[in-house]
Amino acid sequence: MNNNKLIVSHAPFWHDGDSLFKTNLNLMIAALPAVIFGLVQFGAPALGVLALSLSTAMAWEFIVTLVSGKKASIHDLDSAVIGLFLGMMLPATAPWWLVIIGTFLAVVLGKMIFGGIGANPFNPALIGMAILALSWANHLDFDAAYVNYDFSFTALAPLAAVKAKGALAVSDLFSLNDLLMGKQVGAIGTTFGLGLIIGGVYLILRGFVRWEIPVAFIIGIVFTSLCFNLADPDKYASPMIHLFSGYTLFGAFFLAPENSSSPVNRIPMLIFGFCAAGMIMLMRNIGAYDDGTVLGILLLNVVNPLIDAIRPKALGKGVGHA
Amino acid sequence: MIKRSFFALTRPRLGYDTPEPDPKEPKAIPVPSNLILLLHDPLDDARETLIKKGDKVEKGGKLRLYKDSKEYTVSPVAGAIKVIDTYSDDFGNTSTYLVINTDQGLTAGTGDMKYDLKDTIASADEYLRTLPGAPPLKTLADPDIKIDTIVITCADPDLLSTTQQYMALKFMDGIKEGIGVLKRITSVRKFCITIPENMNVKDEIDFAQVFRTSMIYPANLPPMILKEHLNMILPAGKTPEDMGICFMSAEAVVSLAQAYKTKTACHEKVLTVIGKQGTSYRVTASIGTPLRRILNAFSIHVNDHDRLVIGGPMKGFSTYTVHHPVQPDTDTVIVQDRDNIPELSDNPCVNCGKCVRVCPAHIPVNILVRYLEAGLYEDAMDKYDLLSCIECGLCAYVCTARIPIYQYIRLGKHELLKLNADA
Chain B
1 MNNNKLIVSH APFWHDGDSL FKTNLNLMIA ALPAVIFGLV QFGAPALGVL
51 ALSLSTAMAW EFIVTLVSGK KASIHDLDSA VIGLFLGMML PATAPWWLVI
101 IGTFLAVVLG KMIFGGIGAN PFNPALIGMA ILALSWANHL DFDAAYVNYD
151 FSFTALAPLA AVKAKGALAV SDLFSLNDLL MGKQVGAIGT TFGLGLIIGG
201 VYLILRGFVR WEIPVAFIIG IVFTSLCFNL ADPDKYASPM IHLFSGYTLF
251 GAFFLAPENS SSPVNRIPML IFGFCAAGMI MLMRNIGAYD DGTVLGILLL
301 NVVNPLIDAI RPKALGKGVG HA
Chain S
1 MIKRSFFALT RPRLGYDTPE PDPKEPKAIP VPSNLILLLH DPLDDARETL
51 IKKGDKVEKG GKLRLYKDSK EYTVSPVAGA IKVIDTYSDD FGNTSTYLVI
101 NTDQGLTAGT GDMKYDLKDT IASADEYLRT LPGAPPLKTL ADPDIKIDTI
151 VITCADPDLL STTQQYMALK FMDGIKEGIG VLKRITSVRK FCITIPENMN
201 VKDEIDFAQV FRTSMIYPAN LPPMILKEHL NMILPAGKTP EDMGICFMSA
251 EAVVSLAQAY KTKTACHEKV LTVIGKQGTS YRVTASIGTP LRRILNAFSI
301 HVNDHDRLVI GGPMKGFSTY TVHHPVQPDT DTVIVQDRDN IPELSDNPCV
351 NCGKCVRVCP AHIPVNILVR YLEAGLYEDA MDKYDLLSCI ECGLCAYVCT
401 ARIPIYQYIR LGKHELLKLN ADA
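Chains as they are written, first to last, in this note's numbering: chain B, 1 to 322; chain S, 1 to 423.
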């Protein structure tokens, strides 16, 4: 009698082949067009920031798992994605200590203290970014960051310019073509609008990002900024400037749909995307900050569990008890 | 194994398999010298059993452990009992297995045992429970369960299997006859029959209401058939039987008709066997045949760390031994190579929501699984619809974090049953 040792487990015995590693790898692949453009545009310092950000993010996670005696989990690439996204939101001239503190805040404070992957109530990269922006705003001022660069286009950060001078004064400075093709001053990975759109569409088509959130987000930006713009075109910029500058597109395709901090049901996803965009526009147009993307999405992360309670009734629930 | 498509904007579509248009005769597996029978009745060491090691059994003879046992099995061969021992399944439930040996020279001349079948459900339940296809006679004979509709399933509920579709293509007359028998022996008047929408049935079916079922999983699972074709929503935690609906496989109906015609039981089970490369074979084997015999007949070699799955890839169970027998309800046997076994993990849920979008019962699986992982089964039932689950396994199939969600759900239901039983 041959008695093989068989694998025994429970149904289902098939899997669609997806994994955390694959999902995170695809997120990073989708970010590549914008990243490569940023490296070309801003040169070696940008490479330095991204490399440091990615590696320290993974290192922080590894250190936390080591200290807390947990199984090492950096191979799922989740912290690599956090590091990459944080790096993409920094200017190329960000000092090394800022990057390391940023990844510490993002990975340790944003993710690991809540229990690691899947347990974070906020987008970790945004937590890091928000604290950096509140603490060292001068290092994140894009106009100041690139004074030693010589660009062939308007070397003004569009949103800061709108905030300072009003929409009328800057209306001739930024064309749609320039903004789409990355001819604007901004963070390493967020200036190349076309690249971000390509990456986002790739993620949506491959099913790694739920289409509802980016679509509702973009509709929200266009709708809210149009309302402001129609009310006072001299003061408030057109939807075009708001959509293609700052962190808007990066937020729509990469930050807002972060799995753990966004809803999963359809109507909540639409509400989430639309309201996050609405908050951003309120901050940009009425609030104190140039770009409210970071705080706008974080605010909606807070209410995510509440919105996600809007869900369809389960099969057979509440029937047949009569 | 069906992987996700490159583009995955919509949820995955897992299609049911269809048999070849004019199916060949299945390969018949000779009856082996040792047959293994499972008896869903645990052995009690303190009591003396009715059957003992060395006892002779007749072909078609009923075997029971104790005088008051409600469960029985029927020997498909004449021979002698070689072993009686305890078997435990994947949930730790214990039952008994018997090994019947045929080559001891004791059996010459004995034919099939003739049953004294009357036109009552009790009489059918007395002898025919273990017919191929496992007819639900116990349910039909239970005076506490009021069944008014029988749905005959010619559409296989799980993927890869084509056994029931084959029965429908080859034995539609038998199904008609079986419905006649059921009409005689039960008080059920409404008969429905599920047929896959792309199956060509030669003759018009006028003896039952026809449901043409979709080719996309999980359309053929009982709760989905109830919902789509009978316009009935199965209340959470109820079974179709509670609603007066009994599901019965095509094979069960055919073998019931044959049993009433010949007054003997048939023991030849039709199976779909799926090899490591995904090749599908159809065989007939006597109930009790160890699976090893069938696999050997097609030169399918099972090595260490392979997986042997009984039932379909979504709802079946895996066994730890190649000696597991063919049972009355074994429609499919799948051998998975060690390299094709998807890895599961202990990752926490990352809230990607794929399970929520794929769930046919609209359960918030992402939250449910957190409660189940924490062992909060009652909260899971009250707040997050644990009992609405129709057990299709799609959530675990798509899970990015590779959490064995379906296993958690079954465990949760199992624990709740235990809690209720203790209360």
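Calculated directly from the structure, the hints in this document are not laboratory data.
Every residue, glycine too, gets a C-beta built ideally from N, C-alpha and C.
Check each hint, because a few of them may be wrong.
[As the list claims (entries may be wrong)] Simulated crosslink set (DSS-like; lysine-lysine; CA at most 27 angstroms straight-line):
#1 S:138 to S:59
#2 B:317 to S:276
#3 B:5 to S:227
#4 B:22 to S:276
#5 B:317 to S:59
#6 S:227 to S:315
#7 B:235 to B:317
#8 S:24 to B:313
#9 B:313 to S:238
#10 B:317 to S:418
#11 S:383 to B:313
[To be verified] Beta-carbon label-pair distances, calculated as ranges:
#12 B:51 to S:11: 34 to 40 angstroms
#13 S:50 to B:75: 40 to 46 angstroms
#14 B:75 to S:239: 42 to 48 angstroms
#15 S:280 to B:8: 22 to 28 angstroms
#16 S:212 to B:318: 25 to 31 angstroms
#17 S:301 to B:40: 42 to 48 angstroms
#18 B:48 to S:11: 54 to 60 angstroms
#19 S:66 to B:310: 37 to 43 angstroms
Each hint, compared with the structure:
1. S:138 to S:59: holds, 22 angstroms
2. B:317 to S:276: Between residue 317 of chain B and residue 276 of chain S the Cα gap is close to 41 angstroms, so the pair fails against 27 angstroms, i.e. violated.
3. B:5 to S:227: Given pair residue 5 of chain B, residue 227 of chain S is violated - Cα atoms ~42 angstroms apart, limit 27 angstroms.
4. B:22 to S:276: The given pair, whose Cα atoms are some 26 angstroms apart, holds under the 27 angstroms limit.
5. B:317 to S:59: violated, 48 angstroms
6. S:227 to S:315: OK: residue 227 of chain S and residue 315 of chain S at ~20 angstroms, within 27 angstroms.
7. B:235 to B:317: violated, 52 angstroms
8. S:24 to B:313: At roughly 46 angstroms apart (the allowed maximum being 27 angstroms), residue 313 of chain B and residue 24 of chain S break the hint.
9. B:313 to S:238: Roughly 17 angstroms between the alpha carbons, so the hint for residue 313 of chain B and residue 238 of chain S holds.
10. B:317 to S:418: Holds, at roughly 22 angstroms.
11. S:383 to B:313: holds, 11 angstroms
12. B:51 to S:11: 34 to 40 angstroms: holds, 38 angstroms
13. S:50 to B:75: 40 to 46 angstroms: 58 angstroms Cβ-Cβ, so the 40 to 46 angstroms window is violated.
14. B:75 to S:239: 42 to 48 angstroms: holds, 43 angstroms
15. S:280 to B:8: 22 to 28 angstroms: holds, 23 angstroms
16. S:212 to B:318: 25 to 31 angstroms: Once the Cβ atoms are compared, 30 angstroms apart, the range 25 to 31 angstroms for residue 318 of chain B and residue 212 of chain S holds.
17. S:301 to B:40: 42 to 48 angstroms: violated, 55 angstroms
18. B:48 to S:11: 54 to 60 angstroms: Hint violated: Cβ distance 42 angstroms, outside 54 to 60 angstroms.
19. S:66 to B:310: 37 to 43 angstroms: At 55 angstroms between Cβs, range violated.
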